[in-house]
Every structure is written in structure tokens, then in C-alpha cells.
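Protein chains: 4
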Amino acid sequence: MSYNTFGHLFRVTTWGESHGPAIGCVIDGCPPRIPLSEADIQPFLDRRKPGQSAFTTQRREADAVKILSGVFEGQTTGTPISLLIENTDQRSRDYGDIAQTYRPGHADLTYDLKYGIRDYRGGGRSSARETACRVAAGAVARKVLGEGVQIRAALVQLGPHDIDRTRWDWAEVERNPFFSPDAGVVEAWEAYLHDIRKAGSSIGAVIEVVAEGVPAGLGAPIYGKLDADIAAGLMSINAVKGVEIGDGFAAASLTGPENADALYSKDGQITFGANHAGGILGGISSGQPVVARFAVKPTSSMLTPVDSITRTGQEKQVITKGRHDPCVGIRAVPVGEAMMACVLADHLLRHRGQMGG
Amino acid sequence: MSYNTFGHLFRVTTWGESHGPAIGCVIDGCPPRIPLSEADIQPFLDRRKPGQSAFTTQRREADAVKILSGVFEGQTTGTPISLLIENTDQRSRDYGDIAQTYRPGHADLTYDLKYGIRDYRGGGRSSARETACRVAAGAVARKVLGEGVQIRAALVQLGPHDIDRTRWDWAEVERNPFFSPDAGVVEAWEAYLHDIRKAGSSIGAVIEVVAEGVPAGLGAPIYGKLDADIAAGLMSINAVKGVEIGDGFAAASLTGPENADALYSKDGQITFGANHAGGILGGISSGQPVVARFAVKPTSSMLTPVDSITRTGQEKQVITKGRHDPCVGIRAVPVGEAMMACVLADHLLRHRGQMGG
Amino acid sequence: MSYNTFGHLFRVTTWGESHGPAIGCVIDGCPPRIPLSEADIQPFLDRRKPGQSAFTTQRREADAVKILSGVFEGQTTGTPISLLIENTDQRSRDYGDIAQTYRPGHADLTYDLKYGIRDYRGGGRSSARETACRVAAGAVARKVLGEGVQIRAALVQLGPHDIDRTRWDWAEVERNPFFSPDAGVVEAWEAYLHDIRKAGSSIGAVIEVVAEGVPAGLGAPIYGKLDADIAAGLMSINAVKGVEIGDGFAAASLTGPENADALYSKDGQITFGANHAGGILGGISSGQPVVARFAVKPTSSMLTPVDSITRTGQEKQVITKGRHDPCVGIRAVPVGEAMMACVLADHLLRHRGQMGG
Amino acid sequence: MSYNTFGHLFRVTTWGESHGPAIGCVIDGCPPRIPLSEADIQPFLDRRKPGQSAFTTQRREADAVKILSGVFEGQTTGTPISLLIENTDQRSRDYGDIAQTYRPGHADLTYDLKYGIRDYRGGGRSSARETACRVAAGAVARKVLGEGVQIRAALVQLGPHDIDRTRWDWAEVERNPFFSPDAGVVEAWEAYLHDIRKAGSSIGAVIEVVAEGVPAGLGAPIYGKLDADIAAGLMSINAVKGVEIGDGFAAASLTGPENADALYSKDGQITFGANHAGGILGGISSGQPVVARFAVKPTSSMLTPVDSITRTGQEKQVITKGRHDPCVGIRAVPVGEAMMACVLADHLLRHRGQMGG
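Protein chains in written order, with numbering that gives the first Met the number 0: chain A, 0 to 356; chain B, 0 to 356; chain C, 0 to 356; chain D, 0 to 356.
Isolated chain A (complex conformation):
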């Protein structure tokens, strides 16, 4: 129900603004006796951290997470886990332009329309900085899911440029600054994004998230479907405009026989001829890999001037100086993984609530 809480049994509440003293989250409902320390969370934050390549914002944040509660002698206790990340590089400067003029395509406008007040410093609550909390929560969610569930994501499209899926290599994802699973596109993407940045522009992207080892049976009809919650979770990430499961929009063009994932039986186990469904049937996981994709629009913070208006209704072109990602989709890769982890952890607990076991 809450505006800033995600999940039902594994619940994450995030708080904090881009340029306030800190951001953080409270994870409630985590099972007890799970080994947990900052060292389990930090690596995931480090992957999302800004300033790691020429293609992300040059803001320098240590993003060092502190556990303030819910862990005792190295184990979760079943009580709320409070995580805190201090903001250390809120560069002091004049916010005059952003404060007074709306960036077209940005939440600046709608926060003001709704609340009549807005913390404009660095984007305030609408800053992508909030996603650090999702990543931290996702690290805890992975612990709940256990090592049998593996969640990975990759950038599969940068602007108009797709990867070649035949060259997919998960190991490559960690080797290039784009989280691309296709080594073959990296050079071209570097050149392309270099040009975008140089032009003071920005560009969109598509991310694919794959969860393997998800047990069958997670999710439930009709409004607690696993894919509905994945859709909400991914769509809630900043700048996301589309979500699909399995074949997604491409499934609209398929015939029934083309789309059917044939079933077989092997050594008493169900096997599948394909995975058009992306691991979810009727809102319930089938045991196949859960596959989701989401589209990220280009950031509206850029050096290119755009027609806009001020808070008082004066027409005025706006450009956004400061430190911004030319493609916010890149750093959305670990965020997508985190949201998938949170959805799955929540559904795991919900499932065993109703079903036991």
C-alpha cells in the first residue's frame, strides 16, 4: 500500500534524497539465522556505483553500507534490517536552474504538480541515487533465495544497437563497462556512446534479467501473479517505460503452435522444448528460467537545450549541467537484478506461507 515500500512478506522500505545526509532502507520480514554482514552487500553496491567508467556520472560516492539493526553476531535475527548509506559527494553548488526550470521528461514537473514542493538538489527523491537502496536490499534478497537461485542481468540493447545473442557469454558481462554479454559490440558501443556524450545528448537501453533455479510454484492468481509483481518492480525503476516476460511483445506475432513450450518428461522430471513463456505460466513459475526485459528511456538531464517552462510558467530553454550518465540504462543492470531478487524472495515467503514447506 505504501508509497515507498515494496513487497509483502519480504518488505523493503527505502528513503532518502540525492543530496540529503544519507539514503537507506529498512528490510522487514527477512528470515532469521541467515549469515549477513556488510561484506555481503557491498560488492553489489560497488557494481552500481557511479564514477567507474567514462560512461557513467562522475559523481564519486563510496556507497559504503552500514547495517544498523537486525543482525546479531553475524546472523539475521528476523527483525528489521536497517541499512544506511551516507551521501558524501553532494557537491555544493548553485541549483538555480534546476530549481526554477523543469527538465522536460523529468519528474521535476510532476513532483511539483503533486506536492507543491520539491527537493530539487540533485533530483531529490527522484534521483537514480535511490536505486542504491534497491541494490542493497537485493543483496539481502539473494541470501533469502539461497545459492540455488542465480540472478543475472545484461544490457542487450544500447540505443538502436542490439547485441548478437549467438555470442552471449555471461562472463563477458563483468568485463566491459556496459554489462554487455556480447564482447563483439563493446567497441562499437564505446564509440557510439562517446559520440552521444560529446553531443551533450543521452540514449536509452534495454536490459534483460534472467533468474535460474527458481522453484516451480511461486506466484499466485489473479492479482498476485509473479509476472505482475516483476512488471511492477521493474517499471518502478527510474526511467523504465516497458517490461516484458519471455517473448514479450514478440509473442503477439506468434501463432499458438509457435508459442507453445512443448512438455516432455525425463527421468521423472518435466522438461521443456522451449521457454517462450519466460518461466511463468498463469502467473506461477514453472521451474524454467524466469526471463524479463525492461526498456530504459534516455535521461532528461543533458547539455542539449530543450524548450521548457519555469515554476512560474515562463517559457525558457533548459540545459542540465552537472554530472549525469549519458545512458542511465547501464547502471540499471544491477538494479534490475536487485528488483528481480526482491520479487522472488517475497514470493518465496508468500508461497510457503500458503503452502508450507
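Hints were generated in silico from the structure; no laboratory data involved. On a predicted model such as this, the values are computed, not experimentally measured, just so you know. Among these hints, one or two may not hold up.
Pairs involving identical chains hold if they fit within one copy or between any two copies, as the list cannot separate such chains.
[What the hints assert, rightly or not] Derived pair list, reagent style DMTMM-like, types lysine to aspartate or glutamate, alpha-carbon separation capped at 25 Å:
#1 Lys-265 x Asp-111
#2 Lys-65 x Glu-37
#3 Lys-265 x Asp-306
#4 Lys-48 x Glu-37
#5 Lys-65 x Glu-85
#6 Lys-197 x Glu-186
#7 Lys-65 x Asp-88
#8 Lys-142 x Asp-39
#9 Lys-320 x Glu-72
#10 Lys-197 x Glu-146
Given chain A's structure and the hints, the job is docking chains B, C and D onto it.
Frame of chain A; chains B, C and D shown alone:
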């Protein structure tokens, strides 16, 4: 939280199976003193009703709705509105095949994997019949939103065949059996779908939902975003595999300047140069039309045989006789409208809860 | 969140007015494969049914429950269970007085103050008739809890008259029209309540609910405490004004040593020297019997005239003719059991969601 | 749903353990543009603070609250308000006894039974220290309610000793260390509690909370009743064993005419002859003062030895050294006010969500 409840302040709980005595829903949280009778709901049910053209299932259901509570002397009272629709055409027949063999791509399998029991008659709970309740609830949601908000949907793609958007005419939607806004494609679609059906096959589709007159300010960060709830609502519809807002996946290929919806001021009102964002910025409505699309896969109930297995793990091809829609996407058009209406009504109440007014 | 839904994982949504066509409830989240038929529910409804003695309202309702969904071949399927009870004895008559004049102490006034509209027929939504749905849901909750959990309630005080606890006999509860566990008070209570009724008056009561066999560990800090949810559940019953757990208000007068339930160990099992705590410590069940009591005020529907006002603000004395219980506390006994069952079933599912098992 | 979140639209999530680095809460859903600073919250924390008299624990905590988010230029922004209170006086010492042996009547046992792990330092999560967060949240809730709503509480019973209600003086509450509204009992209470403490014992208490100026119409049938949520809120406070509204348990002994709060009309306003109902009818506020009472049991942390067992099941007497309140009910007075404020603020938002205005 609940599995079969949608919404937070305007809440809809649906129940019922395809071949049980009835289906229905309970709408809780509806504001009082809204004029309401069965006559306000029935027309929407009639639009979704099966058996109205050669392109939908030949099951004959009156889908006559009864209001059992929550309305007094023609007005809502603020207490729960219970709606009931009797099932009248659950043709008595042998369910042997469906009962014992899973349709690939269908919820048959996962219901069994999760619950270990499944009402297989006509698809039970996973039947698209449940969507009648959504449509009924959507009719009430429209009353909550008032006449200033207009919600319409149309089929924009049938299988691989798009409409021509330059010919878009909302009036046309009610004139053809596809809910197509483009009269020019109707003849070709008829021929195409005729062939699909004759081949014992099925096909997917894409539906676009547009809500005009939505007040600015609905939705809230971070996990109560309007688009996140629309995504969940549409993804929860049977057979939906993708959801997008505004330009959606196409936004991934746009540059920042291309994607920016320039802002202007006219007579003290904000105007926009475009609506790439689909009426939502930062999860909050901007006052522009809210635009969403969703992709429906082809139904897995068809006459074409597919490799499958039985409940006991024997491999066996399955074909689904009986009455089925060759393109379930068609009847999803009024369902998409209904889910949009429910999401908006819920967010309207949530917004004024926090903001007053 | 919802106004008419109770519980989180085992969720009950009730609907219906006293003199509408029917009342009912939807139970969502029930585990699958539990044997269930109307015959499992009806006996509990029969215990609550009006017209069974001279001391309850003479309204004659069969209170025959129908299962409309969620059960297949005699077992729950894990999908929503819709229960319907038709209203058959809504005596047609002139509601003029109740319609226009508020009964002091009754919800008549506040429904109008809140909603500006009110179904006054028989009390509408605020009628105790709604509690039949709670009892029906409670019967299902008992099935979820299993035979190891025994939930019983008794009337321990009728107006100013207490039972003698040394004579407590559960078997006696089913033998007298008061659900008194003390046979010794029955005769006196009959005479007393006879006089109350003859005087056109009404009287309050106190009910005690005891749940035995509740596993240790149900409930959770800080706002999901088992006793907090029991308190909400019992306080939500019509006319209830107080709830206590274990020694309750009497605990305020105890010293620490008096109140401490000493702990012992016997054959590897924890045993307790007393149960002042009523089976709950820190909001979590201890394995001891869970003991709660609730106070029911006298009904405001009575023949004695009271100063009041009309809807238009005219002062006018009101008397309530028609059929009413002189002590609504009596029929609250099975309702109290039902709420306890619903709370425990919900917490059982929530507990195993977080903890597994 | 969540274990550590309270409320639906005005939501408070608390976290933290007694001897961890800090405790805190996140308040979500607060309306924007409400002036707020630490100075609005601190006075309420100071009232609850330990170490202020001989009758509360000698732990010394500054309880200095910091606002980490959700406030910009002195006003709430509508985004989550994160409040943090550092723990500064977690005296380093040997926890051996408490760590290994359960205090009878304490959550020690049930936390271990549920979670299999427990932060025993100072009571961990079950410490009354958590209530500081409730008080902080209550201060914000008061701002939401506005100055028209006045919420005050007082200690009306200390152990077996009642106040004399004819001497009730709200001003007196702030003048004595018991929050007693009756100056006449203070001396006797001092002597009594001095003896209790000297004996190494503890004692219970009853607190009354009165909210004046509550608008009519808050609360809703059937499971969202205002009194049900007040009951849950108060029962969730540490050591509370009973809650009542208005006449509460005494109403059980009243006849209908005695209990009826007669209605009159004066200058177009409704007036009442009495307030037996405690301001709530049918779960909805009537406009009269909302009156609730709750009973607090004696703390189980005391110097008197009690029979108990160790974690490994050995029988062993336990005494609790360290710093404890001989009557935890005293400091529960501001906590009771805070919970009342939170419930009312939440219901105010929920009410205007459904009703507008």
C-alpha cells in the same frame, strides 16, 4: 497483499471458476452517493461477452450482473459492493483430456505444480472468464473517476499485422469485431483470423489503452508509481506478456532530445510538445493522456496437437477441443480498459488521501 | 488496508446488509487440498443463528451457506472461496422511525455523519447479521489450523453477574442458551434476562475465548503482534468495547513476582507455573493456551425510549420495535471463536512464510 | 501486513535494538508542506526519556532525533521521513545471565522459540526502547492532525491504586513524575513505588488517552474500525494486556438505557448527554472525545528471583540486575498518546481518500 485482490483504497476482490455456479467480485472502498445500478455495469460486460462474432468463443453467457450489496436506493453507500454473475453455459461434457494432460503454455501445469490440485473444468480459475469480474469492477471505477476521465482501448496489432495509425478513428472501434481503430485493416484481419481458426491455430495481439482527462498528480514514488501499478494491472490479465507506457520499448532507441516532451505555457496552462512519456513522469501523472500498451500471446487452447505430458508424467500429444477464442487479445480490449479504470480510481483515492481535495 | 477485509495471508472479505438479498464472504489465501464442504461450516452458523431461544432475536434465518468457488471435488484448491448466505426473513415493514431517527449509541448516526447515506433497513451493514460471515470464515480457519488447535468460548459475565470459575465445565457451554460454562448461574441468568427483556431494556456481557494447542512462535514484533491482531479482531465485532489478554486489566494491579509465569522443564518440554500472560509474550505465542476476553455493551435497539434527534436535527425520543437480542453478547460467543480462529490461521501462514516449515 | 510497519496511508516503520548503534523509523505517506523540524519532535521524546525521576530506569539517553530525509527547507515534501536516534548509553557489561536464562513473562523466551536467535543485549528488539520511535512518529502525526486535535494521556491507576476522577486536572499531569492527573495521589504513589522498587519488585498500571477535536466520520466498517485500530495500536505497546474504549469492560454491566448517550441538537450542532461510547459508534468517530484506556503489566525485569530455565533447558532462578523501570506503565503515557496520534492521522488520510475533502 492478497492473491485475488487488486488495489489499495479502491479494492477489487474477484472469485470464481469457469464452470462453477457463478463468478463475482467484491468492490470495497467505493465512495458513497454515486448513482449505480446494474444498467451502469451491463454494457461493459456486453462488450466483453463471448459469442458475439465468429472470432470469439461460441460459449453463450448472458453475463447478467446482479448487485447484492453496497447500493441503497440507487446510490452507493460506501460499503462493499458485491457483484455476481451466474455461469449458465458450462456445457456438461467429458473433461478427460484437459483433466489429465497439460496444455503447453497454459496454467494447467503450474496450478498443479503449486497447489497439487486444479479445477480443470473450462480452465477453472485460470479461465479468461474471470476477466468478466474485472470489467464489472472497471465500470464502477469509471463512476468513481467521473465523466471527466475517458478511458478507451483498441486493438493495434493482430498477430504480425499492425494498424495504420494515421487512420485512427475511435468511432471505428465499436464498429468492427476486432476493436480496431483503423477501418482499413478490418477486411484483411478477418481473412487472416479466419485462416488461423480454420488451421486450428491461434494468434497474439497488442492492445493500446488511452485515458484522457486524468488529473495531474496521481501516483507516487517510489513503489506506488502510477505506471508500476498500471504495469501490474495489465500484466495480471490472462496471457499478457508485455506492458509499455508511452513510447515504451521504442524509447530505448531514442536520444534525450528526441524523447523530451517540450513544455510550453498557454493561458496559464502547461502544454506539451509531444507525449513520448505516455502521460507519466517519475511515476506521477502529468495531465497528458495516459497511454499504455500490452501484448497478448496466442491462446494455448487450440486444435493443433502439441507435445505434452500427463499429470502422471507420460508423454502425450494434446489438442484442445471445445470453444475457444482464436485470438484472446480481442476480448482483452475491454479488460484492458477496466484495469486502467481500476488503477486510476485507486490512485485518485490514494492521492486525495495524502493530499486532501 | 481494506475496510472490509480481515487478515493478511488468510484473508476474509465480508459484504452484505441485513435486509439485502444476501450476505457473504470471500476467503482468499486458504491452503489447498483441505477437505471442505458446506457441512463443515453449517454447524458453526447454526450455533450463532437467531431464534434459538427466548433470549435471542426472533428473526428466523436458515443461515444456509453455499460454497460458490474455491472447492473442487470436496477439497480446497487454493483459490478464493466464496460463501453466500441468503437473507430470507427480511420482514417487510415500515422503517420510518429508524430511517429518520438515530438510536443513541448506535452506528446509525456515524454512518450518516461519514457517508451521508445509510441503508437503515435492519441496521444495514452495521447489523450483527454481518457476523454470520465471520463465523463461516472461522469454520474454514479451523480447518487450516487443524485438529490440534481447539478454540472455544464461553459467556463469563452477563450484565453484573459473573460465573463461578471453580465450576467451569466446557461441556456445559453447549447445554444452556447463554453459552455459560457454569451450570450454577443459568437459572439466575434466565430470570435476570427475562426481566431485562420484559422491561424493554438490554444488557452487556463478557466473553472469554480460549485457544489450546496453539504452536509457539505465532506473531511477530512490533506491529504484527499476535495479541494486537486478536485485539483488533475482537474489537471489530459489533458492540465490543474492551479486549484483554490473559490477566488483562487485572495485571495492572499485580507485582512482578505475582505476574511472572515461572518456567520449568519437564522431559525436555517447557512447562509453566501459571498463565497470567494468556499464552502470549512479546506478541508471540508461547505454546500455552491463548486466552482473551472481550466486553460487549448492551444493544441500543430496545423498547425503552431514549432522547434523540432526527436526521434533520429535530429532537425526538426513539424506541426500537422489531426483533432484537436483549443481550447481543450471547450470540457473540461463536463470533469470538471465529475471530480467534481467523487471527490464528492468518498468523500460522505468516509465521511459516517467514520461518518455513 | 508488515511486522514492523503500522498504519496504511500514514505508515510508520520502526527498526533498531536496545543496544545497537541506533534506532529509528521511516514515516511514509505524510502530506507535504507541513512545517517540521527536529524541534517539533524532541519535546515528545524528552517526555518519554529515561532517567528523569527516581521512578524510571537510570539509563541516560539523550534521545536526540535527527531528520535524515523527507524535509526540505523546513517543510515535509511528501516523501519518506527518516528519523534516527543514536543509542549512546548501551553500557558495556556481561549479559551472561539474560543471554542464557529466560525472564519469566518476558519476550526472551518467545523470540528464541520463534526465531532460534535473539539479540539479548538490553532486550534487543523487544526492549521498550523501541517506543521512542513511536513517540517520534506520533509527533509527526500530531502535525498531520493539526492543532484542532488535542491528544493527552494520564496514568489513572498505579498498581491497585486508582486516582480520584473528581480531582482530574490535565495541568497536573506535567507536574508529577507519574503523569497523574490527580495531585492528591502523588505522595501516596511515591511512597508505594519507592517500596516496590526497594523490594526489587515491579508493578502494573492503567493509562487513559483522550483525543479531543477528532472530526466525526473517521473509521470504517467492518475491519477498518477506528476502535479496532486503536486497540491494535495500544495492544502493540510493550507489556500491554488490555485495551478498552469509553466505558469499556464496565459497559458489560450496564443496561441499554444506562449506556445510551442521548442525542440533542443545539444551534444546528449535535450534542450528547454522555460519552459512554468513548467517541466511537460502529467503528466510526462521532465527534465526541475519543477515550481509550490500556493496562500495562509489571515488568518482568526485576531483582526478585523467579523460577526459570536456561536456553538449554536447565532449571535456574533468574534475577535481572541492570537498570529498569519499576513501573513501565509510567513511561507508557507518552507512548499511548503517540499511538493514538498515529491511528488518527492514518484514519484521517484514509477517510479523505474515500470521501474526499
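Hint by hint, here is what the structure shows:
no. : hint              : verdict
1   : Lys-265 x Asp-111 : between (58 Å within a copy, 18 Å between copies)
2   : Lys-65 x Glu-37   : both (6 Å within a copy, 23 Å between copies)
3   : Lys-265 x Asp-306 : between (62 Å within a copy, 14 Å between copies)
4   : Lys-48 x Glu-37   : within (16 Å within a copy, 31 Å between copies)
5   : Lys-65 x Glu-85   : both (9 Å within a copy, 14 Å between copies)
6   : Lys-197 x Glu-186 : within (17 Å within a copy, 50 Å between copies)
7   : Lys-65 x Asp-88   : both (17 Å within a copy, 20 Å between copies)
8   : Lys-142 x Asp-39  : within (9 Å within a copy, 40 Å between copies)
9   : Lys-320 x Glu-72  : between (46 Å within a copy, 23 Å between copies)
10  : Lys-197 x Glu-146 : neither (42 Å within a copy, 48 Å between copies)
Of the numbered hints given earlier, the model fails hint 10 alone.
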